[in-house]
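Enquirer: Protein chains in written order, with the UniProt record's numbering: chain A, 1 to 288; chain B, 1 to 288; chain C, 1 to 288; chain D, 1 to 288; chain E, 1 to 288; chain F, 1 to 288.
It is worth saying that the hints were derived from the structure and are not from the lab.
Watch out, some of these pointers could steer you wrong.
[Stated by the list, open to error] Calculated cross-link-like contacts (lysine-lysine; reagent style DSSO-like; alpha-carbon spacing at most 30 Å):
| no. | chain 1 | residue 1 | chain 2 | residue 2 |
| --- | --- | --- | --- | --- |
| 1 | C | K51 | E | K171 |
| 2 | F | K242 | C | K209 |
| 3 | F | K171 | B | K171 |
| 4 | C | K171 | E | K51 |
| 5 | D | K51 | A | K171 |
| 6 | B | K209 | A | K171 |
| 7 | A | K51 | D | K171 |
Protein chains: 6
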Amino acid sequence: MFYHDNELQYEVEVEEPDPQFAKMLQEAIGGVEGEMRVALQYMFQAFGQPKERQEYRNLLMETAAEELGHIEMLATAVSKNLQDAPEEMRREARENDAVIDAMMSGGQPRQALSAGLHAMPVDANGNAFSGNFIVASGNLAADMYANIMAESTGRLLATRLYEMTDDPGMKDMLAYLIARDTMHQNQWHAALEELGETLPVPASFDQEKENQDFNYEFMSTFREERENPHERWTEGVSIDGKGEFSFGTQPGGGNPQLEKAIEQMHNEASQAGGSMGDSSIDDTSTNE
Amino acid sequence: MFYHDNELQYEVEVEEPDPQFAKMLQEAIGGVEGEMRVALQYMFQAFGQPKERQEYRNLLMETAAEELGHIEMLATAVSKNLQDAPEEMRREARENDAVIDAMMSGGQPRQALSAGLHAMPVDANGNAFSGNFIVASGNLAADMYANIMAESTGRLLATRLYEMTDDPGMKDMLAYLIARDTMHQNQWHAALEELGETLPVPASFDQEKENQDFNYEFMSTFREERENPHERWTEGVSIDGKGEFSFGTQPGGGNPQLEKAIEQMHNEASQAGGSMGDSSIDDTSTNE
Amino acid sequence: MFYHDNELQYEVEVEEPDPQFAKMLQEAIGGVEGEMRVALQYMFQAFGQPKERQEYRNLLMETAAEELGHIEMLATAVSKNLQDAPEEMRREARENDAVIDAMMSGGQPRQALSAGLHAMPVDANGNAFSGNFIVASGNLAADMYANIMAESTGRLLATRLYEMTDDPGMKDMLAYLIARDTMHQNQWHAALEELGETLPVPASFDQEKENQDFNYEFMSTFREERENPHERWTEGVSIDGKGEFSFGTQPGGGNPQLEKAIEQMHNEASQAGGSMGDSSIDDTSTNE
Amino acid sequence: MFYHDNELQYEVEVEEPDPQFAKMLQEAIGGVEGEMRVALQYMFQAFGQPKERQEYRNLLMETAAEELGHIEMLATAVSKNLQDAPEEMRREARENDAVIDAMMSGGQPRQALSAGLHAMPVDANGNAFSGNFIVASGNLAADMYANIMAESTGRLLATRLYEMTDDPGMKDMLAYLIARDTMHQNQWHAALEELGETLPVPASFDQEKENQDFNYEFMSTFREERENPHERWTEGVSIDGKGEFSFGTQPGGGNPQLEKAIEQMHNEASQAGGSMGDSSIDDTSTNE
Amino acid sequence: MFYHDNELQYEVEVEEPDPQFAKMLQEAIGGVEGEMRVALQYMFQAFGQPKERQEYRNLLMETAAEELGHIEMLATAVSKNLQDAPEEMRREARENDAVIDAMMSGGQPRQALSAGLHAMPVDANGNAFSGNFIVASGNLAADMYANIMAESTGRLLATRLYEMTDDPGMKDMLAYLIARDTMHQNQWHAALEELGETLPVPASFDQEKENQDFNYEFMSTFREERENPHERWTEGVSIDGKGEFSFGTQPGGGNPQLEKAIEQMHNEASQAGGSMGDSSIDDTSTNE
Amino acid sequence: MFYHDNELQYEVEVEEPDPQFAKMLQEAIGGVEGEMRVALQYMFQAFGQPKERQEYRNLLMETAAEELGHIEMLATAVSKNLQDAPEEMRREARENDAVIDAMMSGGQPRQALSAGLHAMPVDANGNAFSGNFIVASGNLAADMYANIMAESTGRLLATRLYEMTDDPGMKDMLAYLIARDTMHQNQWHAALEELGETLPVPASFDQEKENQDFNYEFMSTFREERENPHERWTEGVSIDGKGEFSFGTQPGGGNPQLEKAIEQMHNEASQAGGSMGDSSIDDTSTNE
């Protein structure tokens, strides 16, 4: 279960409020690379750990709760970028509707219209956060790769945001979040190391059951057949150490040869069965 | 640009059509772990490669085109599971509406209602494929982790499907797809190896700019402070070799202390400023 | 503006309630082929007609209001299939929770859980209706084709539903709805006829500005070059009467040759610029 | 910021695992009436409270953290309904693929395919949780009504789930969740009482600016004009005490009279301007 | 069933077209606080009323039809803000493509690209209207709270839009819509009053079945245990008059103790069962 | 199966990069009128063709592969509009963060934040591509109308984009795409011609089963009954040649008369059954 206190996890200060940057920060809240995704992803992964894997449940839940605090920090940053205008600017706003226009032409309309100048569970383009972003597959190795990916795109996003602001408060907050993403990338790699031999994921599927003619062949789909380009992925021992890379082309499996669907589907396009002359249809349609 | 021919990439045969398995197969077409995702993900990643990275563009495009062929195979498998009923069953279907009911009680309604007993760009729960599934971040290392994750959850899905069918044709098709996922996991790992030192992603961000007090600390959020559990992720050299893991707690950053939004937002809940007695509001609201 | 009265547009009777059919009927309410789509589509098209096109505004609004009545009919049909169980069945339901299970195993969970055994604005797979289904392009010819398509897939859906039920009340209701779709297909074709020469849509774009080397050529993308198959679409006068069909292949436009993005995007995957040896990167990255 | 410990908030026991009930429970996790919605809604509302409203920030955050614990309980309940099959059933599962089929025909495919028999952030129909479910308007009175509504539909859902299971463990868990919803409905009503005079929301908008001819009139849209039905909402003093209910009809505001869009939009449907004979277009189109 | 006529419900005039305001108005059409939501919400609630509740069906349908007219008004306002530019501006537009750019830099791209400068069924951020916005729970008390909430956030939105425009026509239209929201808030409160004792919703669930140890306790989740803050929601009689508020903490329910999923799920992360040394797995995995 | 080569299908050059136009181009990639939709739509239609319809499978697949090449062209155009800034601008960008701001104020945030200045599978408003856009109904006539509609709105979009740019490279690319849409409109019309008599779609449903009183009547829903306006759609022979248009009004089908749902749904709003005095509920609720 969960607890909270009244403090932010780390200071959030904004010197010069910037409504446009408030829009950008939304990506780090409700975007596919954002904190809602990782907080909930680690939580759902933790929820599914069996009792034998209490260490992993702990590991995931510790970081899930940390990420909830990042949502709070970023939401605070959005509010401060939208609201903490200096007093004269705020006074002026009361007298001059044009200020609202200025705040919004470069901002995200719904931060004002739907949230009264606060953060929302949406991304920088204004799309709602989706449960589809969350990966909790039941297999820890697959999940660790999902987490590494999430922290990689998350840190990439944070560095891009860092480049887009000159505000010292925002740079300080982002430097903290970037540091945490460094740690999280490392900790998920560490967990993967602890899990032992995990490739190919899922490791518990007996590779003798997979088609062994094609499990280590790089398959070229180039229109004209190419020579083996002698890349790391076309020759030599495979990364999982269980095969030898080779270079080939698509095997080909014949034309699909589908039957028609049953008549009740009314897939027949024309009354006469069309111009295609397949008289066999007439035979059956008379029984209808 | 793209080309096609009339053959499937690999044979798709169904001995005993099973509408319920047709529903399950949808996950491998339009699901987050499915083939539409990887085909389009590799394609969009390829589209963004600069001219200096032609090898990577090739690598990605070769596999993108391969994955398109997997969509075709799986769509064919869906149609065959829904339609290739033996002749007597199909004849009976014409006379007996109850057969339709039987086909659908365990199936996915829209495969019949919207697609005339064919595959759709949706997952096994019936949700539409979404462009949100696609990750093409502009950074190849982040993208390779996204690809490893996609092939890990993809192979996991395929092995689960393999366990759920006894049809030899379906098992053969899935054994092929599982093998290809083995290769694809290996090839993206190989690409990552070729890229060199990529951690923490993005490697081009100068780590001196990140907050160096917190970039290798495991942050416990346990309610009661815990001892260092001496895990791989709480002590010793970090996986990227650039730091030393430590164990700590959330630093704390004070209360957020937000200002009120401008009056035009009408965030004030009550006419008298509520029961909270914050008289400072009256000062400003009289100017309104 | 709009009005209503207390009657359904046409009788809706259910002799034998069938929760599974209630699930199927959802497609005709909130599905892409359903009545919410056409009602709102015709409404938004009407809303955008300029004052010179009052006849078309009328035409669209007349049918929009009719379609609203179809939503009401279908919602009533859903409720009756879920609720109008005979008295003994309903009495039993009060005593025996298993009846609820039976009603739901073949039904759609949210019709019970979220709507208390009533219709919802979702499709047969349970996906919410989306504003994305609505096409109102501002160009009447494009809109008329969107309407013909909507009524074609709508009538196809209704005929499939007709085949799936034996209930005389449901068959009667569907026979009415199928008839209306016949009329609506005809009326949108009639509107198109009245609009005059509309091909290619939009007709107001001067065809001399389009690339006249490729505007009537069937472009084969077959891997191996094919002979002209002499189909209606590969030779002879075009359907719009403004060109001559021909048969060719993709022209080819060279390699895309993209530049790298600015450094602040942190697209660089590795610290050394990767193993790809593109020394040009070093030049710029040292300036960073 | 947030913390966690290793315990559930309340016991979750399942005596007889029921995969179909696991599907139903999803509505209480990721559905619009579910716990993800309230946890995140209260959190975002808390994030936006100005420093003068610390009591309300506390109130909201206390309950947000409580609701996170409900997600954990329900996710545990899903896993136990899918997995805690008795030993013989689990042993049999290893030998008999048909058991998987049985577990899934009545369940939700993605709980198996995507989550390895665990909970997902989706509803009972399988739709992903959406940030769109979350209401945090910036105005506390509007938010309190959103919360009362959320707890009303939430408790309604929980009572429906209670009726659908005979498992004593599940009934005990739901009796706890229903009790909490009782409290939460009461606490949001209490907060509203404390806020004072809040109607009509937002109370800070000067009612003299709204159209005072229509602000307390019940507007009948019946096709034939009706008599005042003398309901509570058609006569007598209004609920907010600021007006007198009356009964009337829609005022009517003339035909919209839209101009045509600029030519670059290509809204013109036909080459001759269609059959509508508005010659004015010819004048301008010749300049194009 | 439904009817329409040629008039708007109320005048819609725009003196100075403003494409940016046209973007904002979208929130009132297709946003979660918008008119499509309430029109369809009241309609679906009406569709589900049993024959004993004809007054409520009438009440809901009267207002549903009114709200349809509001969509029409707002769509007209969007078109007029995008199109009714004065003649010189329109003439100039024909000669100068830059005007299009100007119209769009501050506007919503799809209003031009997809709708030819007309309204769309989307919100101000450009997200499509979703059936998920609609609440029709089957329980009238829950629905009335959903309606009060919808009209509260709807009126809040309308007042914010009112503050953002100086156009007298737009202010007049919004003053009308704000007035109608005042009435609608009042009428749903009146309906709730008529329904009698409705708390806690649903009132028909016997409270003796809910867990009576926790149904009126405010549950603090603060990390450090707090004293009772003596708020309206922590002591005294509850709002529903059926309990006494108290103040406590989360009860705690032990560790979840999940079993592992069946082997066919391939949840095992590594070939050796990982580094976790749970030998029990080896026993079963040898049978595989 | 599919193949590719290294060339674009047609040249893509940008003289003056324009981030705002890059945003607009997204509509042609991931929008409902865009190339992802048609590529995948034709592909799914092809996948479902039975073996008797190989010509149609070929026709569809030829164009599907062509459309994939259009996605590549447009993605290249987006990258070039975002990145191919002249050298001084790019150098300046390294020194001056303000340039990033300039690139983004008029652009789409996620093209930078999520894609590193590349194309994404989203539309111009930033919404993700959805599988819901794809129509593959199983009936070729319905599908051909869906294709004509897609190419009509697609060409309309392309002409609007053509009007919004002055860049010669972009105009040349769009002139090519507009030409291809001309051809595609023509080829789907040609396919429809070949199919023969297809109206009303689906032609295989026996029209004697539809309600013949209403299948050719234009149904006016005007509040006051109107005279027949003598339009093409209210009199004369119908377009399908199978009926005679007439003019009438909605038939009316009585009040819906729904029963109450079973008690376990807890649809009852109040404890006393509300103010509606339906005593019959008390009888049953005592048995509960």
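Enquirer: For each hint, tell me whether it holds in the structure or not.
Expert: Hint by hint, here is what the structure shows:
1. C:K51 to E:K171: 24 Å, holds
2. F:K242 to C:K209: 41 Å, violated
3. F:K171 to B:K171: 51 Å, violated
4. C:K171 to E:K51: 24 Å, holds
5. D:K51 to A:K171: With a Cα-Cα distance of about 24 Å, the restraint between K51 of chain D and K171 of chain A holds, given a limit of 30 Å.
6. B:K209 to A:K171: 9 Å, holds
7. A:K51 to D:K171: 24 Å, holds
Hint violations for this structure: numbers 2, 3, all remaining hints satisfied.
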